[in-house]
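Colleague: Sequence:
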Amino acid sequence: MKIRLLAILIPLTCIFFACSEKDIETFHGRHQIYFDKFYMNALYPGTEEADTTRTSFFFYPENTSSITVQLVVNLSGRLLDADLNFGLKLVEEGTTALPGEYKLEESYVFHRKPVEEGAKEIKDTIELTLIHSDRLAELGPEGVQLVVELVPSTEVDLGQYERRRAVIVWSEVEAQPEWWDYEVQWSLLGDYSYAKYKLFLQTVDTNGELNGELIKENPARAIELVTEFKEWLLDHLDDPDRGDEYREILSTLKV
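Quick note: the sequence shown uses the numbering used here, first residue 61, plus one each step.
Read the hints as simulated data drawn from the structure, not as lab findings. Where hints are given, some of them may not hold.
[Stated by the list, open to error] No farther apart than 30 Å at their CA atoms in a straight line, the calculated lysine-lysine pairs in the BS3-like style are these: (1) Lys314 x Lys258; (2) Lys314 x Lys276; (3) Lys258 x Lys97; (4) Lys276 x Lys256; (5) Lys149 x Lys173; (6) Lys290 x Lys256.
[Claimed, not checked] Simulated restraints, written as ranges between beta carbons of each label pair: (7) Ser213 x Glu187: 18 to 26 Å; (8) Glu177 x Ala110: 25 to 33 Å; (9) Lys180 x Leu294: 53 to 61 Å; (10) Thr112 x Gln236: 17 to 25 Å; (11) Tyr252 x Arg114: 16 to 24 Å; (12) Thr107 x Gly303: 48 to 56 Å; (13) Leu294 x Val175: 47 to 55 Å; (14) Arg195 x Pro105: 36 to 44 Å.
Cβ atoms here follow ideal geometry from the backbone N, Cα and C, with glycine treated the same way.
Work out the full structure: start from the sequences and follow the hints.
Modeller: In structure tokens form, the structure reads like this:
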């Protein structure tokens with residue numbers, strides 16, 4: 061009986077270890093490409109929620125004609141032995157951007173690179189060009205939306221369905237931040253205005269440091285930033301073109 065049991069257990073053990081070894085072989089099989097973000101909620105049993113890439117000309121100097129937005133792309137399958145080319149195509153459904161408001165390249169490159177130990181996916185970043193148009197100001201914070209989809213090729217297949225597309229939204233006017241509440245209006249920056257906030261970011265808070273967390277955890281630093289803004293305005297009141305605008309903004313500050 062023991063001999064018969066051993067005869068059965070030994071093959072089963074070999075099968076188990078063979079399957080286990082295959083399971084932990086992360087990078088094998090044909091290449092599949094997909095975005096890092098989900099453009100739609102994950103299908104059951106996934107729990108990931110749809111995510112949109114957002115940007116705004118608001119954060120760039122005036123008269124900026126175009127900006128770029130980065131999209132993270134994931135690759136599964138065997139490790140690359142050379143750069144991999146793939147495409148993007150417009151998805152008309154959900155796209156409100158006009159042809160002259162964006163630029164898609166004929167092809168994009170997923171670069172061959174070393175893979176960190178323990179990595180489950182290979183990642184790279186591509187850039188899309190967004191072009192400023194006069195109608196952006198009229199559209200307000202909602203801006204325009206572009207939906208793109210990865211294009212398979214003889215070199216690569218499409219990966220997870222919920223990550224085959226990317227949604228990009230951009231605007232010219234930034235909505236009032238949630239942290240700019242009554243307390244901020246009363247004690248720091250006064251009433252919100254598009255021009256004031258943009259000038260504050262361009263001249264003083266270039267890293268976007270002022271936010272709800274900073275106001276709560278380090279109010280002294282928040283006061284310091286607004287004080288620096290006040291000093292900057294005072295130093296530029298004689299600007300021949302914008303002096304009156306700066307004087308008006310200065311009069312609204314509460315520090």
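Colleague: Hint compliance check: list the failing hint numbers for this structure, sorted ascending.
Modeller: none
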